[in-house]
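Q: Sequence:
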Amino acid sequence: MPSSAEDGNVVDPRRSSKLWRNCAAFWILGLCNNFAYVIMLSAAKDILDVESGGTHVNSTIDPSKCPDDSSKVPCSPISTGSILLADILPCLIVKFVTPFILTPLPYGVRHAIVVFFQASSFIIVALSETVYQGIIGVIFASIGSGIGETSYMSMTAHFSTDVIAAWSSGTGGAGIFGAITYAVLTDPSLLHLSPRNALLSMLVVPGIFIVTFWKILQSPASLPKLKICDSSTYIIRKPRSRRSSNDTDPLLADNDESDHDHNEHLTFPEQMRVTRRLAKYMVPLLFVYFAEYFINQGLVELLIFDCSHGFAFAVASQYRWYQVLYQMGVFLSRSSVNFVQIKPKYFPLLAGLQMINAIMFFEDAQRRFLPHIGVVFLIIFYEGLLGGGAYVNTFRSIHKTIPSKVEREFSLSIATLADSMGIVIAGFSAIPAHNYICSARI
Numbered sequence: 059m060p061s062s063a064e065d066g067n068v069v070d071p072r073r074s075s076k077l078w079r080n081c082a083a084f085w086i087l088g089l090c091n092n093f094a095y096v097i098m099l100s101a102a103k104d105i106l107d108v109e110s111g112g113t114h115v116n117s118t119i120d121p122s123k124c125p126d127d128s129s130k131v132p133c134s135p136i137s138t139g140s141i142l143l144a145d146i147l148p149c150l151i152v153k154f155v156t157p158f159i160l161t162p163l164p165y166g167v168r169h170a171i172v173v174f175f176q177a178s179s180f181i182i183v184a185l186s187e188t189v190y191q192g193i194i195g196v197i198f199a200s201i202g203s204g205i206g207e208t209s210y211m212s213m214t215a216h217f218s219t220d221v222i223a224a225w226s227s228g229t230g231g232a233g234i235f236g237a238i239t240y241a242v243l244t245d246p247s248l249l250h251l252s253p254r255n256a257l258l259s260m261l262v263v264p265g266i267f268i269v270t271f272w273k274i275l276q277s278p279a280s281l282p283k284l285k286i287c288d289s290s291t292y293i294i295r296k297p298r299s300r301r302s303s304n305d306t307d308p309l310l311a312d313n314d315e316s317d318h319d320h321n322e323h324l325t326f327p328e329q330m331r332v333t334r335r336l337a338k339y340m341v342p343l344l345f346v347y348f349a350e351y352f353i354n355q356g357l358v359e360l361l362i363f364d365c366s367h368g369f370a371f372a373v374a375s376q377y378r379w380y381q382v383l384y385q386m387g388v389f390l391s392r393s394s395v396n397f398v399q400i401k402p403k404y405f406p407l408l409a410g411l412q413m414i415n416a417i418m419f420f421e422d423a424q425r426r427f428l429p430h431i432g433v434v435f436l437i438i439f440y441e442g443l444l445g446g447g448a449y450v451n452t453f454r455s456i457h458k459t460i461p462s463k464v465e466r467e468f469s470l471s472i473a474t475l476a477d478s479m480g481i482v483i484a485g486f487s488a489i490p491a492h493n494y495i496c497s498a499r500i
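First residue of the sequence shown? That's 59 in the numbering used here, and the numbers climb one at a time after it.
Fair warning: there could be bad hints in the mix.
[To be verified] Restraint-style ranges between C-beta atoms, simulated for each label pair:
1) C496 - S247: 25 to 33 Å
2) R426 - A337: 35 to 43 Å
3) E328 - E187: 48 to 56 Å
4) K273 - F427: 31 to 39 Å
5) F486 - H430: 28 to 36 Å
6) S74 - P406: 31 to 39 Å
7) R425 - P162: 52 to 60 Å
8) C496 - C365: 17 to 25 Å
9) I268 - I194: 22 to 30 Å
10) K401 - V269: 33 to 41 Å
The set of hints was computed from the structure by calculation and includes no laboratory data.
Ideal Cβ placement from N, Cα and C applies to all residues, glycine included.
Given only the sequences and the hints, what does the whole structure look like? Please build it.
A: Written out as structure tokens, the structure is:
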């Protein structure tokens with residue numbers, strides 16, 4: 059929700075109208091960009107089960123029904139952490155590369171690339187007949203998400219600070235709407251679509267993505283425009299001079315600052331200097347994301363409850379609804395930054411609280427002391443609140459504290475590495491943790 063005027067000045071109606079429109083556009087961009095990523099994590103167990111027809115070898119447990127005895131539910135032979143790695147490793151590589159080598163590409167070109175990878179991911183996973191084919195589709199979703207997050211986040215440097223809140227809320231919305239959509243479409247007690255048909259129905263999302271960027275978003279003059287019929291606009295050939303660039307749109311600018319360096323590029327030494335200054339933001343965010351994804355993709359798949367302690371949810375449904383509760387927490391906290399702000403000095407506290415959650419779930423996966431799935435739902439919701447709050451407040455702080463537009467644009471792009479690095483470490487940690495816990499159960 060846009061604030062009326064951050065600096066206390068009266069905002070004229072034209073600026074207010076464009077601000078609301080751009081906030082709506084960034085909300086939808088955040089939703090669409092993360093949608094495929096969320097769907098792949100929600101479908102992780104279905105992707106791993108594609109070759110076995112949804113059942114595990116030597117198992118008498120039907121995953122479409124709630125178990126009478128949770129101790130008899132076998133571990134999946136492959137951790138969902140493997141899907142997490144396929145969903146995040148390419149994204150991490152892309153985030154390393156994009157801030158340094160994709161700056162010559164206009165945002166319109168990058169957007170087209172994102173849409174292509176996202177649509178391809180839904181089709182590939184839906185039509186896959188082996189785990190490895192499914193993982194290729196997951197990789198496509200990861201690449202699209204990585205290019206998108208770095209591109210749209212850096213693009214916010216040319217807009218009001220309010221679009222940070224809108225983007226973050228949209229990414230949180232992707233989590234809750236993606237997880238709920240997949241759970242509702244595939245749950246046996248609801249629409250009961252096959253995973254294949256559920257994924258094919260998601261192809262409406264790339265269409266919404268296209269319309270939002272080119273029809274709803276009102277880009278300022280400071281952003282180079284892509285013209286389909288003019289190939290010379292496909293590359294930003296040379297930056298305009300800092301002294302001669304006077305095209306900042308006052309209706310879209312964050313403030314009245316007189317720096318016009320937004321079309322220049324930092325040198326590599328300058329980029330390294332800026333990156334070092336971001337450590338106080340990036341390190342806590344890395345630990346927050348490590349802990350929450352270690353929980354979500356390494357531990358909660360092992361927390362299976364029987365009918366009397368699991369609301370009669372089927373084995374497969376329990377995992378899907380864990381994801382829904384987590385994403386609900388993320389969405390709520392990412393949408394609340396205009397009402398509740400967390401100062402950077404408290405970011406390490408968020409990381410510490412999330413690590414405590416990870417330790418508790420690791421112990422419960424081995425000893426099973428949490429009495430009911432409802433308790434797990436509450437803790438997972440709280441886990442989502444911590445993760446979403448860390449994300450939105452980190453990027454809001456970066457946007458507000460870095461005055462130079464060229465440094466702000468680079469900083470917002472490179473800072474997206476923090477969450478991805480934490481997720482990658484979580485993915486690599488989740489697989490041996492899964493194997494260790496499962497071997498102890500035998």
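Q: Look at each hint and say if it fits the structure.
A: We went through each hint and held it up to the structure:
1. In this structure the supplied range 25 to 33 Å holds for C496 paired with S247, their Cβ-Cβ distance being about 28 Å.
2. Separated by about 39 Å at the C-beta atoms, R426 and A337 satisfy the suggested range of 35 to 43 Å.
3. At about 49 Å, the CB distance of E328 to E187 agrees with the hint of 48 to 56 Å.
4. Distance hint check: the CB atoms of K273 and F427 are about 53 Å apart, inconsistent with the given range 31 to 39 Å.
5. Range check, F486 to H430: about 31 Å between beta-carbon atoms, so the 28 to 36 Å window is met.
6. Look at S74 against P406: about 37 Å separates their beta carbons, and that is inside 31 to 39 Å.
7. In this structure the supplied range 52 to 60 Å holds for R425 paired with P162, their Cβ-Cβ distance being about 54 Å.
8. C496 and C365 have their C-beta atoms about 22 Å apart, which keeps the hinted 17 to 25 Å range intact.
9. The beta-carbon spacing between I268 and I194, approximately 24 Å, falls within the hinted interval of 22 to 30 Å.
10. At roughly 38 Å, the beta-carbon separation of K401 and V269 lies within the given 33 to 41 Å, and the hint holds.
Of the numbered hints listed earlier, the single one contradicted by the structure is hint 4.
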